[in-house]
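From first to last, the protein sequence lines are chains C and Y. Sequential numbering from 126 applies to the first sequence in the numbering used here. Sequential numbering from 279 applies to the second sequence in the numbering used here.
In case anyone wonders, no lab produced these hints; they're calculated from the structure. Be a bit skeptical, because a hint or two may be false.
Only some residues are given here: those of chain Y computed to face chain C with a beta carbon under 10 Å [as the list claims (entries may be wrong)]: (1) PHE320; (2) PRO324; (3) GLY345; (4) LEU357; (5) PHE358; (6) ASP365; (7) GLY370; (8) THR377; (9) LEU384; (10) LEU404; (11) ALA405.
Stretch by stretch, here's where chain C covers chain Y in the computed footprint (C-beta under 8 Å, at least three residues) [claimed, not checked]: (12) 335 to 343; (13) 388 to 398.
Virtual Cβ for every residue (Gly too), placed ideally from N, Cα, C.
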Amino acid sequence: MRAPLLIIALLLAAAVLPPIFASGYQLFQLTLVAAYAVAILGLNLVTGFNGQVSLGHGAFFAVGSYVTAILMDRWDVPYWATLPPAALICAALGFLIGLPALRLGGLYLALTTLALAAATPQILKYRLLESWTGGVQGIVILKPDAPFGLKLSGDAWLYLFTLAVATLLFALTANLVRGRIGRAMIAIRDQPLAAEAMGIDLAMFKTRTFAVSAMLTGVAGSLAAVAIGFVSPDSFSAALSITFFVGMVVGGGASIAGAVFGAAFIQFVPNIADQVSKSAPGAVYGVILIACIFLLPQGVAGLLRHTKRA
Amino acid sequence: MRFGGIVALDDISFDVGHREICGLIGPNGSGKTTLFNCISGFYRFPRGDIVLDGVSLAGMPRHRIAGLGIGRTFQNVALFRSMSVRDNLLVGAHHLGRTGFIANALRAGGVRTEARTAAERCGELLALLDLNEVAGTVVAALPFGTQKRVELARALMGGPRLLLLDEPAGGLNHEEVAALGELIRRIRAHFALSVLLVEHHMNLVMSVSDKVVALEFGRKIADGTPAEVRAEPEVIRAYLGDGGND
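With the rest of the complex left out, here is chain Y (with noise of 0.2 Å):
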């Protein structure tokens, strides 16, 4: 994947297994968000291969990742502003869905089936993540750690077999992180899912992950349990020497 001259994953090579946790981690610049983006079918990727259960996502449209199994949460936030909490999360099982506009418009029997099963699950999701209270309240209006929790549970609505968190503890305070971490493992053992967590947050990658990843510069650098990649010279470097953050 490059950018221009610049060249922003080279070569890595990785897999997350079946009810996985994978951290993927790095600093600033090192490529993580380029290949979240690749995997959630948001830039195009020139070379190489990105396989979800032997089915290849390249040059696949973006609407069709849903679709594959694919959930995924977004690094700002990035909920449907003017709508309530609970129709938030029912657009995450749009693709669950097959009717179409001239069905809708006659509320033809299929409609009712397929809106009774949505909203069950959605009043499953809304207990789950503690939103039950603010299922009516028009999201723009919460604060923004229950924005990430409405987008988290936005993601589950799709039934994803990949879950796919892009900097799921920025902005949280302390207790938020903490329960955060809980919430991710909480979600793997309910859903059997796996998920790919991208974040800063080393204490939160570390003590979440059955497997990490690090990326410096576009290029992995070390691939392994928590305790092996902690203890990986070139992780240290990257980290504690000059330039490293957290």
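Pulled out of the complex, with its shape left as it was, chain C reads as follows (with noise of 0.2 Å):
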């Protein structure tokens, strides 16, 4: 499944655009877009590729988030300096979380791996850490201003950075399953004994899948983090890995171009439910999910694949 580049080039010429007539607000919102989708990126490189099933992955985004609200915070490192740390130590961290994932199939590393969600906003508060995390009161970081004195409003700049930042990690996701290591995610997904007939390595081959869906869900959490300015433990739920798991299913399994269908749901649907229905804007959006399940049961990305069929 490639996009022509064609079309790939023109959906970036058009992503660009925004800031000349966007709100603030609205192009706040498209950075958390952005940012959403390289997390759901990562989270469907391990899930959607590899067939492990992660509904943990909030932890990762929460960490990416934290690392780099502290580095600024207590360093004062650069905002786009954190990214590497950040990617660094999420990497570590799936590496990891892969391990133990190795011994555990199907539901049971989908249950290990939700606890692991569950427990992030504790350990987060967690009175000992507090000097560094801030607590229940998080870190307030300052938003940066457009650089090389660009007149452009800091949300537009910020805007365009993770914009900027998504598209590398997206074309670099894109080449890495394309060829011969995505090939072998696919193949322990669909029919591990003979992956390991081929010569396929399943331990290092899931670990290291782990390691970079951690990176990727990470740096979106950095991402975030500077784009709202804020990080606290309760935005950090198990709610949250789980809206990107919906992100993913609603986006499409195992396709690249489907996170960024799934980020966009996840960000505005919640508002227009929320539009629909003041008192149980919850209900909306279930309603909403189950019929897009209902039509679109491979995703967007399904979608678009079949109507280039036809």
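Both chains come to you apart, so use the hints to assemble them.
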């Protein structure tokens, strides 16, 4: 599933335009869509492509957010320089979580990662970490201004910055999955015994895929933290992990482009639901979600694939 | 090789020569598949040894078996169902590649060279096994006989020295079996490899093999040319006596 380069170029050109007409708040929302897209891309790599179900990717998102916030708050590290350390820390963490994941299949892995997601806010509130994490209060970070004397609002700059990082990560991930490595990931998901007989080292591939996945979602957390300007434990509840999972399913499992649709869904559909019914937005959200799954069983990416073939 | 108190394989010894097609026969439960799984690294065997060109397979991790030059097919077909025929074949070349995560993400020079080599080999095998027309089709949508050919092509992608075929005729119709025998001989000639063929289908084994090994209850009861094995009283008893099949 490789979209022609021309379409990608046109979409990117369109994506650069919003700073001209959109309001600051709209730009902020689009910035979050870009960050969530990267988070869902990470989840999709390990769950959609590799078949290791994770319901705990909110934890990596939280760690990425906090690494950025702590580095900016305590050491005055510029926001852009916090991305590489956040990536490395999350990759290491993902690798470590990937080790027990080797022994846990399917539902057991899903439950274990869900437990990780559930524990995340409590760990972030833990007293001994309070001097770093700010405890329940969280950490406020300053929103960066546009550099090099560019005549852009902070929101516009941050949107373009996040878009650029997201584009880079999408390109790298698309490269990764379209060749030898991506085929091995899918082979493991489809038929692990045959994959081994083809010479694929299951343990090595699964742990590395987990690491790359966690790294992507962690960087997404960093980007979101900078955009929001604030991190606190309760923004990273287990519901966040489930939200990413919903975004992955709606966008389409094992699809690179699907992550963007999934991100737009989790960012905008709750707002739409809120406008439809102020008293029961959750119920409206649920109905929209069920409708999506019924109408698009293979996600938005699956729909695009079918229309292309028809 | 034992399962609990059952001795599944007992003191079996035989050789497969270079470029030889060796048929392995025996009634159900005779240990054919167990032996097959020991060679393909699927089972660990506590005693004895299996040696390929001087390299012992004892304790070898499963994913390293392909790298030693052993390719295999599966009794019930174990393809990567969501992938196209072409992608299934390309996974077969996995162990020939060396590029890792970072090189692939950056699409470094080595990745392109490697992909080109694999694509060429894939093209050859698609043609040889008459799979060109379905190259882009997802394997789950193909008929069983075609899936079996895809599996054979996938096993050949890794450039094996020894090809293990687990009941390749299972589920095939009469004409397909005849074509299969022809195909196995052609593959042997084309790739200069040895074949170990586990099969129920007597006619196929006897017509295609240079040598046949017969098992019963985990023991070897005969070993020789097809004509010799067919004449062996123990084989006749095992097959034509009570409980025999085929």
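Here is what the structure says about each hint:
1. PHE320: holds (7 Å)
2. PRO324: violated (21 Å)
3. GLY345: It holds, given that the least Cβ distance between Y/GLY345 and chain C is near 5 Å, below 10 Å.
4. LEU357: Since chain C brings a Cβ to about 7 Å from Y/LEU357, closer than 10 Å, the hint holds.
5. PHE358: For Y/PHE358, the interface hint holds, since the closest Cβ of chain C sits about 4 Å away, which is under 10 Å.
6. ASP365: Holds, because the Cβ-Cβ distance from Y/ASP365 to chain C comes to roughly 6 Å (cut-off 10 Å).
7. GLY370: Interface hint status for Y/GLY370: holds (6 Å vs cutoff 10 Å).
8. THR377: holds (6 Å)
9. LEU384: At about 7 Å, which falls below the 10 Å cut-off, the nearest Cβ of chain C leaves the hint on Y/LEU384 intact, so it holds.
10. LEU404: The hint is violated - Y/LEU404 has no Cβ within 10 Å of chain C, the shortest such distance being about 16 Å.
11. ALA405: violated (21 Å)
12. 335 to 343: Our answer is that it holds, as 5 residues pass the Cβ test (under 8 Å) against chain C, meeting three.
13. 388 to 398: Satisfied; 4 residues make the cut.
Of the numbered hints given earlier, the model fails hints 2, 10 and 11; all others are met.
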